[in-house]
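Number of protein chains: 2
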Amino acid sequence: MDQVKTLKCVLCQREYEPQEVEYTCPLCGNAGILEVLYDYDKVSKRISKESLAKNSDYSIWRYRPLLPIKEDSPTPPLHVGWTPLYPAFRLRRKLELPGLYIKDDGRNPTASLKDRASAVGIVKALERGAHEVTCASTGNAASSWAGVAASLGLKSYIFVPQTAPQAKLAQLLIFGARIFPVKGSYDQAFDLCIEASRKFGWYNRNTAYNPYLVEGKKTVALEIAEQLNWEVPDKVFVSVGDGCILSGVFKGFADLFHLGWIGRVPQVIGVQAEGAAPLYRAWKSRKPLEPVEPKTIADSISVGIPRNGVMALRDLYRWEGRMVTVTDEEILEAMRILGQESGVFGEPAGVASLAGLIKALREGMVEKKNKVVAIITGNGLKDVSAALHAVSMPEAIDPTLESVEQALKR
Amino acid sequence: MDQVKTLKCVLCQREYEPQEVEYTCPLCGNAGILEVLYDYDKVSKRISKESLAKNSDYSIWRYRPLLPIKEDSPTPPLHVGWTPLYPAFRLRRKLELPGLYIKDDGRNPTASLKDRASAVGIVKALERGAHEVTCASTGNAASSWAGVAASLGLKSYIFVPQTAPQAKLAQLLIFGARIFPVKGSYDQAFDLCIEASRKFGWYNRNTAYNPYLVEGKKTVALEIAEQLNWEVPDKVFVSVGDGCILSGVFKGFADLFHLGWIGRVPQVIGVQAEGAAPLYRAWKSRKPLEPVEPKTIADSISVGIPRNGVMALRDLYRWEGRMVTVTDEEILEAMRILGQESGVFGEPAGVASLAGLIKALREGMVEKKNKVVAIITGNGLKDVSAALHAVSMPEAIDPTLESVEQALKR
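Respectively, the protein sequence lines represent chains A and B.
Take 1 as the starting number for the first sequence in the working numbering and just add one per residue.
Take 1 as the starting number for the second sequence in the working numbering and just add one per residue.
Derived by calculation from the structure, the hints in this document are not laboratory data.
Below, computed lysine-lysine pairings styled on BS3-like, alpha-carbon distance capped at 27 Å:
(1) Lys54(A) / Lys49(B)
(2) Lys54(B) / Lys54(A)
(3) Lys409(B) / Lys168(A)
(4) Lys155(A) / Lys409(B)
Covered stretches of chain A, going by a simulated chain B footprint (3 or more residues, C-beta under 8 Å):
(5) 88-94
(6) 167-175
C-beta atoms are modelled at their ideal positions from N, C-alpha and C, and glycine is treated no differently.
Construct the entire structure; sequences and hints are all you get.
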């Protein structure tokens, strides 16, 4: 793993050897998120555009020399990554944006982008000899973590707020996770999970605590660049909750930029729901993050205290990214447009990116000649009740041709 | 399309030129399902094991010369097929079956195997210049049809029994389908759909009516053979409702056998739910099909009158296939085992195949040395309420480490 130089704290900037630390900066505590820094000379000797062109492993592991794992570490058997990048022709026409692409990350094994992070995280768990893993989450991160853990035979312990919807828990339980419904908030579940992982030695996947997740998430950017034959887009839209996927997208393009494979880092535009937009507000005002009481239909980005705030804001400022907000109505409209114009069914948080793009087009933030990618981070089947808010059910008819004709006239 | 010789009626055995007929045999009516017959010499000149090894199109279209479509017909943009075939190591150990593979077809765009059939069907619709398409179904076939139609801008009209669950309709509506909830049974919706398609000129995807769907479904068998480097399994387990997927699996292997690419057709074992097993009963008794009142948790195979009965029984007898039945309890148990041992979440109808394999192992129908594939036809997210029947929810705990410790002891 000598391609990894150090892990660097985003707060105090102190650097550590990978074997020195496990999760966060010992000086800054849980606020000191660590970033993985690479020796790009070493990476360059092990992977190139040419070697990739000949590589028939169409999964995230094709980028192995750019991931923070040992050369011979086993990887989970589930097929993660290399999701379709659609040149969605009908959507292009509808939005009058001929350079539009849709990255459908709901096609991952447990139906969300989070599988990229869980796959890398579980390799780190195995490298440390862990047999038991944990995380706090109600949604995609947890089901993804439980899924890859099951594929390898690791026991998973998941902390969720007691109020988590039953449907979200079904997938977890099917994967054999041990669930702890906590009488309290997500934040309490998060802290309890860290306490428990210390006490019982469980390997922890908590967001913006485990430093390796962003490295998994960045593979979506690596794929976008390779699928576009290294001609990177002008703009990339991505939904934002805790801000980890946002940082992952920046990190992937930054890696390629440092390697000299691409000439510039695309402008990444983070999209938050209006009712849960603390990162947008901080970015807009250039002021410190202030927690909010989140309220949006897009549950996967319904975050009041973005755990990866510091890193996300740094990335936005450093790479001249932007933020936009969208209403729940705009999210539901984007869900309909995406389904009707491309046959892709995204969950509300997953299509917020597209809603943001539509708003940005309207406001002139995107030009018609731009090459633009919208990342759809999760499948709509994850939240069918939200989808039902976006549509209306027609009236029943008698089983006769006349009734069909009458209905068609209505 | 000269690789297609004729369409042959499974009842009267009369053969037709492809341009002569659209759906079923003019003599036998809707009972006369047509089968696509190929000129394998012509196919052999256009595709080979070697040409496939060099083909980087990892979708069902890599088998284009073996599909009943014109050489230059456009195909839908959604990425269909080449789903993972997992050598599910932990499941192998659990079932003491070292030659087991899981084909996860829930990884298709709308999360079920039906996308294979819809993709081929929609190409036929386009070839006929159709702008509007229809089908009757409550489940996977309809959402799949609406999805590929949306990706191409074709309008879809879907007939469903009024009692269809709202959740199943959400996906359809998101894809912009025009839904007709019919005051009546599935059979009435089916017949009304055919009437309406004749009246309005809509291209029809009804199961065992449109002759091209089995050709799409067969690609799952083509992939299994290629993914196993043409060393075909001894046995393939697949869930059975109408019997179309069963015939598709037989057809794929039969094509490869006729081409001389494989030495034998694997034994295909169809699995029905005990509460909806008319094909099993007919096969077992060698008597004609008798309709049943279906009752099973596995809604996608909850079929009382199997529409593809004649062809499915013919295939079972001709290729020495078998049928088994499983209880709803065994289906839910298979769902848990699959999730816990492999990280794959299947819907009840999708995992009935695995439940059948487990029963067959118990009864000595499968030997430990056999190479066996179980096809998982749909993703569990399609029916979360069924999954909740398979698991039980633990009690909520206080947000303290002591409560975690106590819960672990329980």
